Amino acid sequence: MSRYKHIKRYREIIRVFIKYGFGLVLDQLGILNYLDIKSRIINKEENEKQLSTEERLRLALEELGPTFIKLGQIMSTRPDLLPENIITELEKLHDNAPTFSFDEVKSCIEYELGEKLEDIFINFNKEPLAAASIAQVHSGKLQDGQQVVVKIQRPRIEKKIEEDMMILKDLAWFIDNHTKYGKLYEFSTMVSEFQNILRNELDFIIEGENTDIFKENLSKDKKIIIPTVYWNYTTRRILTLEHIDGIGLNDFEGLKKANVDFKFTARTISKSIFEQILRDGIYHGDPHPGNIMVFPDNKIAFLDFGMIGKLKEERKKQFLKILLGITFRNSKLIVEAITGLNIMNKRSEIKKLQYEIDNLRDKYIELPLNEIKLGEFFNEIFNLAFKYNITIPNEFTMLVKTLGTMEGVVEKLDPELNVLEVAEPIAKKLMLNIFSPKAIKNNITENILDYGTLVQGFPEFILNFFRKLEDDDYNLNLKLTGTKVILKHFDKITNKISFSIALLSLSIIIAGLIVGFGMAARVGAEEYLFSLSILKFGLVAALLMYLWLIFSIFKTGRF
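Be aware that the sequence shown starts at 1, since it is given in UniProt numbering, and climbs by one per residue.
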């Protein structure tokens with residue numbers, strides 16, 4: 001077991017948590033006994049009485065290093081798992097770390113790139129611009145004169161993180177199998193997801209690829225700048241990027257001296273984030289002031305794509321429903337989206353939860369749009385989830401964290417900005433795209449064969465099932481008599497069911513075509529004429545499929 005292989009690190013972790021007053025918790029969970037650590041060690045706790053529980057937890061995580069700092073930062077995005085006071089404190093986690101030597105920097109660069117440092121750079125700043133737990137950043141100039149920043153991974157950090165991950169997986173397994181909390185929250189699954197996030201952060205090629213994706217997605221917006229990746233000087237442990245010399249969002253004096261338009265900048269940032277979420281389905285996961293720079297001409301640059309969020313189409317539609325529901329005071333859309341998250345399970349007191357969601361919905365429906373904070377709205381939903389032991393999908397937890405961070409950033413620039421007003425036209429455009437003739441045509445094309453196969457194969461599937469029962473292919477302790485008569489009647493029943501399904505399918509297809517046709521009529525003449533041809537084609541195709549199925553059913557003589 002990993003606990004014997006890594007016993008020294010195990011004991012260090014336990015010692016730190018006991019130092020900050022969590023020995024009793026570890027003992028109650030059974031972890032001390034699991035690790036064969038005597039309970040009397042708890043008496044050696046150095047519990048600082050003047051510090052709150054959440055402060056002691058943050059300090060413990062910071063002392064334990066990179067893995068636990070990252071764990072705390074990620075857990076700060078999970079208000080469905082932790083109470084608000086702990087979330088607030090974990091958001092303060094500092095990722096600062098002592099710098100490592102220039103000799104180690106040089107050694108890493110030369111090993112990874114296979115060249116001498118002086119052959120790659122005209123000059124290279126020995127003093128780091130910044131140092132964090134996983135990497136530190138230096139500036140330099142390539143031989144072609146391009147100013148760059150170079151991110152160098154901390155020596156031996158990958159091995160240390162892997163050791164910590166083995167320990168966390170072992171502890172998660174123990175909690176899952178020996179405590180009620182494990183059965184409720186499935187900590188092993190969470191640790192596996194956390195491990196994937198950390199591995200991605202340790203692979204700078206992934207960060208470089210993310211940067212390229214955002215550069216492509218945002219290329220049409222001339223107000224947005226994304227740094228160029230220099231792939232000839234990038235590996236898993238080295239990332240070389242174009243140097244962006246802008247003004248930090250926290251440098252308000254610098255922004256004022258450059259005559260930056262605060263209101264315009266706030267709108268540009270929020271618009272870009274909403275477009276990333278709703279249009280692209282991939283967005284910057286940590287848009288704090290340190291990752292955004294502004295230029296005197298009011299252009300903005302997004303930096304650091306190590307943490308990104310992704311939304312599948314279904315989740316995107318649910319988020320869209322909530323936005324439109326709040327904007328248009330349509331409570332039904334909000335409730336549909338929330339219940340569509342699949343957040344309710346057997347352990348939940350569903351009726352009570354639904355009642356509280358209704359109250360929350362009513363509270364926000366009555367507020368003026370400029371007083372609604374999306375981050376606060378979602379956090380209240382997540383607080384209810386925590387109360388009822390419900391786990392929110394990971395896609396939504398990062399989304400809400402991003403929205404909260406973005407709202408905090410733009411509020412400092414323009415307190416009067418209504419981010420929902422910024423989101424509204426983007427949301428409407430996406431809704432029109434979902435129901436556009438082109439989208440409907442693609443949906444029909446993708447699914448029409450599946451519908452036909454399903455309808456055609458359903459009677460045969462049912463008949464084969466019962467014939468296998470008749471032939472005793474399944475070991476059921478049943479004695480069936482008169483099966484031939486039953487099957488004859490069942491043939492008729494299934495054919496009637498198929499007839500009904502076909503009729504329903506035809507109705508759905510026609511309805512979808514008509515909806516798309518109607519919406520296209522509002523867009524313009526070109527779309528209108530295109531949708532008319534699609535409508536004709538769709539109706540003919542659906543009718544032919546329907547007639548073919550009816551012919552097949554009547555041909556059997558059993559209807």
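The hints are simulated quantities; they were obtained by calculation from the structure and are not laboratory data. Since this is a predicted model, take the numbers as computed values, not measurements. Cβ coordinates follow ideal geometry from the N, Cα and C atoms, glycine included. Errors might be hidden in some of the hints.
Claimed, not checked - Derived Cβ-Cβ restraints for the label pairs, each shown as a range:
1) Lys352 x Ser331: 37 to 45 angstroms
2) Lys317 x Lys116: 40 to 48 angstroms
3) Ser331 x Asn33: 49 to 57 angstroms
4) Arg329 x Glu91: 29 to 37 angstroms
5) Glu411 x Ser107: 24 to 32 angstroms
6) Glu216 x Glu421: 45 to 53 angstroms
7) Pro415 x Asn123: 14 to 22 angstroms
8) Lys387 x Leu24: 47 to 55 angstroms
9) Glu411 x Arg279: 21 to 29 angstroms
10) Asp261 x Pro155: 24 to 32 angstroms
Claimed, not checked - In silico DMTMM-like pairs for lysine to aspartate or glutamate, Cα to Cα no more than 25 angstroms straight-line:
11) Lys317 x Asp245
12) Lys159 x Glu104
13) Lys223 x Asp212
14) Lys312 x Glu336
15) Lys429 x Glu407
So, going through the hints one by one against the coordinates:
no.: 1; hint: Lys352 x Ser331: 37 to 45 angstroms; verdict: violated (18 angstroms)
no.: 2; hint: Lys317 x Lys116: 40 to 48 angstroms; verdict: violated (53 angstroms)
no.: 3; hint: Ser331 x Asn33: 49 to 57 angstroms; verdict: holds (51 angstroms)
no.: 4; hint: Arg329 x Glu91: 29 to 37 angstroms; verdict: holds (32 angstroms)
no.: 5; hint: Glu411 x Ser107: 24 to 32 angstroms; verdict: violated (45 angstroms)
no.: 6; hint: Glu216 x Glu421: 45 to 53 angstroms; verdict: violated (28 angstroms)
no.: 7; hint: Pro415 x Asn123: 14 to 22 angstroms; verdict: violated (43 angstroms)
no.: 8; hint: Lys387 x Leu24: 47 to 55 angstroms; verdict: violated (25 angstroms)
no.: 9; hint: Glu411 x Arg279: 21 to 29 angstroms; verdict: holds (23 angstroms)
no.: 10; hint: Asp261 x Pro155: 24 to 32 angstroms; verdict: violated (44 angstroms)
no.: 11; hint: Lys317 x Asp245; verdict: violated (37 angstroms)
no.: 12; hint: Lys159 x Glu104; verdict: holds (16 angstroms)
no.: 13; hint: Lys223 x Asp212; verdict: holds (17 angstroms)
no.: 14; hint: Lys312 x Glu336; verdict: holds (17 angstroms)
no.: 15; hint: Lys429 x Glu407; verdict: holds (22 angstroms)
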